[in-house]
Amino acid sequence: MRPALLALTLALVSSPAWAGVSPEVAEAQRAQMEKLRAEVAGQIQLQAYDLLDELVYGWTRQPVFELETPVVLADVTVPVGFGSGLAALIENHFAELVVKNPRTRVTLAHCPQCTAVVVHSGAKGTIVSRGVDQPEALAAAGALSGARHAIFLDFEAEGSALVLRARITSLEPALPIIHARTLTTSTSSAALLRSGDQLKSAAEARKEYLDALQGRGVFTVPLRFAVRSYASPPSAGPIAAMPFIWLQAGAEVALTQARAWTGTFSLGVTWMPQLHTGFMGQARISRLLTGSVASLTQPDLYLFLGGSVISIHGQGARVFRSEVLNLEDVLSDIPSLLIEPHATFAAFPIGLELRVGNRIAASVFLESAPALDTAPSIGTHLNLLGILKFHTVGAEVTFCF
Amino acid sequence: METLLVLLLVQLSVSSGRPYDPAPGIWHGKSEARNLDCSRMSQQRAHELHPGEIPAPPARLANQESDALVCTRRIMSQGERPERDEVILSSLRESVGELAEVASALGQGGLTWHVDAFYPQPEVAAKISVAARTELAEQGRRVSDKVPVLAAGDIVVLGRMAPKDAYPLACKRYFAQRALGENDAFLGIMLIDERETQLHAGLCLKGEWRWLR
Numbered sequence: 008m009r010p011a012l013l014a015l016t017l018a019l020v021s022s023p024a025w026a027g028v029s030p031e032v033a034e035a036q037r038a039q040m041e042k043l044r045a046e047v048a049g050q051i052q053l054q055a056y057d058l059l060d061e062l063v064y065g066w067t068r069q070p071v072f073e074l075e076t077p078v079v080l081a082d083v084t085v086p087v088g089f090g091s092g093l094a095a096l097i098e099n100h101f102a103e104l105v106v107k108n109p110r111t112r113v114t115l116a117h118c119p120q121c122t123a124v125v126v127h128s129g130a131k132g133t134i135v136s137r138g139v140d141q142p143e144a145l146a147a148a149g150a151l152s153g154a155r156h157a158i159f160l161d162f163e164a165e166g167s168a169l170v171l172r173a174r175i176t177s178l179e180p181a182l183p184i185i186h187a188r189t190l191t192t193s194t195s196s197a198a199l200l201r202s203g204d205q206l207k208s209a210a211e212a213r214k215e216y217l218d219a220l221q222g223r224g225v226f227t228v229p230l231r232f233a234v235r236s237y238a239s240p241p242s243a244g245p246i247a248a249m250p251f252i253w254l255q256a257g258a259e260v261a262l263t264q265a266r267a268w269t270g271t272f273s274l275g276v277t278w279m280p281q282l283h284t285g286f287m288g289q290a291r292i293s294r295l296l297t298g299s300v301a302s303l304t305q306p307d308l309y310l311f312l313g314g315s316v317i318s319i320h321g322q323g324a325r326v327f328r329s330e331v332l333n334l335e336d337v338l339s340d341i342p343s344l345l346i347e348p349h350a351t352f353a354a355f356p357i358g359l360e361l362r363v364g365n366r367i368a369a370s371v372f373l374e375s376a377p378a379l380d381t382a383p384s385i386g387t388h389l390n391l392l393g394i395l396k397f398h399t400v401g402a403e404v405t406f407c408f
Numbered sequence: 005m006e007t008l009l010v011l012l013l014v015q016l017s018v019s020s021g022r023p024y025d026p027a028p029g030i031w032h033g034k035s036e037a038r039n040l041d042c043s044r045m046s047q048q049r050a051h052e053l054h055p056g057e058i059p060a061p062p063a064r065l066a067n068q069e070s071d072a073l074v075c076t077r078r079i080m081s082q083g084e085r086p087e088r089d090e091v092i093l094s095s096l097r098e099s100v101g102e103l104a105e106v107a108s109a110l111g112q113g114g115l116t117w118h119v120d121a122f123y124p125q126p127e128v129a130a131k132i133s134v135a136a137r138t139e140l141a142e143q144g145r146r147v148s149d150k151v152p153v154l155a156a157g158d159i160v161v162l163g164r165m166a167p168k169d170a171y172p173l174a175c176k177r178y179f180a181q182r183a184l185g186e187n188d189a190f191l192g193i194m195l196i197d198e199r200e201t202q203l204h205a206g207l208c209l210k211g212e213w214r215w216l217r
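Residue numbers (the working numbering), protein chains in the order written: chain A, 8 to 408; chain B, 5 to 217.
You may find that some hints are simply not true.
Said to hold, decoys possible - Computed Cβ-Cβ distance ranges for the label pairs, DEER-style:
1) A:Arg112 / B:Asn187: 47 to 55 Å
2) B:Gln82 / A:Ser208: 17 to 25 Å
3) A:Glu31 / B:Met165: 35 to 43 Å
Claimed, not checked - Derived SDA-like pairs: lysine to any residue, alpha-carbon spacing no greater than 25 Å straight-line:
4) B:Lys150 / A:Thr76
5) B:Lys150 / A:Trp278
6) B:Lys150 / A:Asp82
7) B:Lys150 / A:Leu389
8) B:Lys210 / A:Asp82
9) B:Lys176 / A:Thr133
Stated by the list, open to error - Derived, one-sided and incomplete: chain A residues facing chain B with beta-carbon distance under 7 Å:
10) Ile51
11) Ser302
12) Pro306
These aren't lab readings, by the way, just hints derived from the structure by calculation.
Cβ coordinates follow ideal geometry from the N, Cα and C atoms, glycine included.
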């Protein structure tokens, strides 16, 4: 979709018919193109930062210079096809890293003439080039601010890898390269979001990542607040079921390290003054749908299936029974009214759960209770080909400890 | 409605237990699959590279080699850059690395290396030359950022010649004009035909041009 949109947008940009497009449309199309570019730039920005972190970390361990040395950041080039916005972000991040890590022994020097076009006339003729390509001209003009070295950072997108080529050139007439390093995301670690003032090696960052994966714990304790709403029958009966509010707590076990499968057993209780008291035991199994591993940073979506045994005591349980009392029943058998009614039935929920950081979750579900097929006060929310009837819809909020 | 829901549930139950399949299917099309960079490796290696996503091979199957297909989305999708540039840039490390290795083996001794690339798009040419300079410098060669230049008259004449004749002559002119000295080596990387996607290279040593590829 994205390439098609970009191609369409680029085609529109280069089209001779562009002049015929109204200014508002043209402006909108330009904005769309910039948005697409920004989207791709945002995807590689973190990878670029990670490579810079790796580069500067290497300099803190093995400094290029023996003494603190002023250096000009001569050029930052981004992958072909990207604009200067990404270059500015990279430049700022690099400057931040160098300032926060004095052990690199690199001090950034200000030299606007180094990147500007310089015209130098001498005995051999007139040469027009960037300042850093004519260090003798810059030195004669006193524009180097004491710096005798220039850093060049070049990023390129090569397939699925982002490659950083960094080099430091001595600003003398021969322009010798005194240091060069190539770093790539395909051989380095993934984007690690290391903090700039506390750089780590890729190996250390990887160990922290593994510790985070393994340290998530096998067991968690979920505390759920659930609402179950029972369907009304097609023909309104004498009694209608009200929504039941449940509090559930239990234990959840991750069946794999990646938390792709989890199993939960919980006990629940519901209570409504004068109406009912209920208890529930529930087991459910959940499968991760968004990827093969639960994310440390992004929400995860699970599909769950379960089985419950629900027992309701009190007047509220009458809606789940197969017989409905009418006035004649009441008058003929008054003593039976003094006995507290109760209903016990099995239910099978299926639903989706969105979980964030394995700490908080929200879910919606449908529940089928075959025993309620004969209850005249309960209808069905969804009837699948007459085979599977869902009598309940519900929603839950879960807090994990 | 009910039938659709049943189909959805069946699909979820079938697909949820299987690993992500990069082949074109219901959930992603051919164009999306073409934008994946896939490589096959052992499950052990894949587990080391992607812990948490690919499980370690079971100990009881230690003697059986199992593979994993690791797919990563290309940073630049197909069609976002001109096709020729995309092919050249996608394999820049490999192609330039090979050329630099061959050149480095031929130019032994205390030489100072100069590199330039000749490619229709200046920004891609800059990427090629930077990659080659960095590669040579990482191999421990003495590399200069300075590019030897010829006089305007030489460039006009060379521009009218076929590449197979122009580059050897340019090498001679570099040496004659002392843009390159006895201890200088010049590695030129170029595209000879604008329709091709393979980079060629030549080495200029003491006025003698030698094609590397």
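Verification of the supplied hints:
1. A:Arg112 / B:Asn187: 47 to 55 Å: Given about 31 Å between the Cβ atoms, the range is violated.
2. B:Gln82 / A:Ser208: 17 to 25 Å: violated (35 Å)
3. A:Glu31 / B:Met165: 35 to 43 Å: Violated, at about 52 Å.
4. B:Lys150 / A:Thr76: holds (22 Å)
5. B:Lys150 / A:Trp278: violated (83 Å)
6. B:Lys150 / A:Asp82: Distance ~15 Å between Lys150 (chain B) and Asp82 (chain A) Cα, so the pair holds.
7. B:Lys150 / A:Leu389: violated (76 Å)
8. B:Lys210 / A:Asp82: violated (32 Å)
9. B:Lys176 / A:Thr133: holds (24 Å)
10. Ile51: Nearest chain B Cβ about 6 Å off; hint holds.
11. Ser302: violated (10 Å)
12. Pro306: violated (17 Å)
Hint compliance for this structure: hints 1, 2, 3, 5, 7, 8, 11, 12 are not met, and every other hint is.
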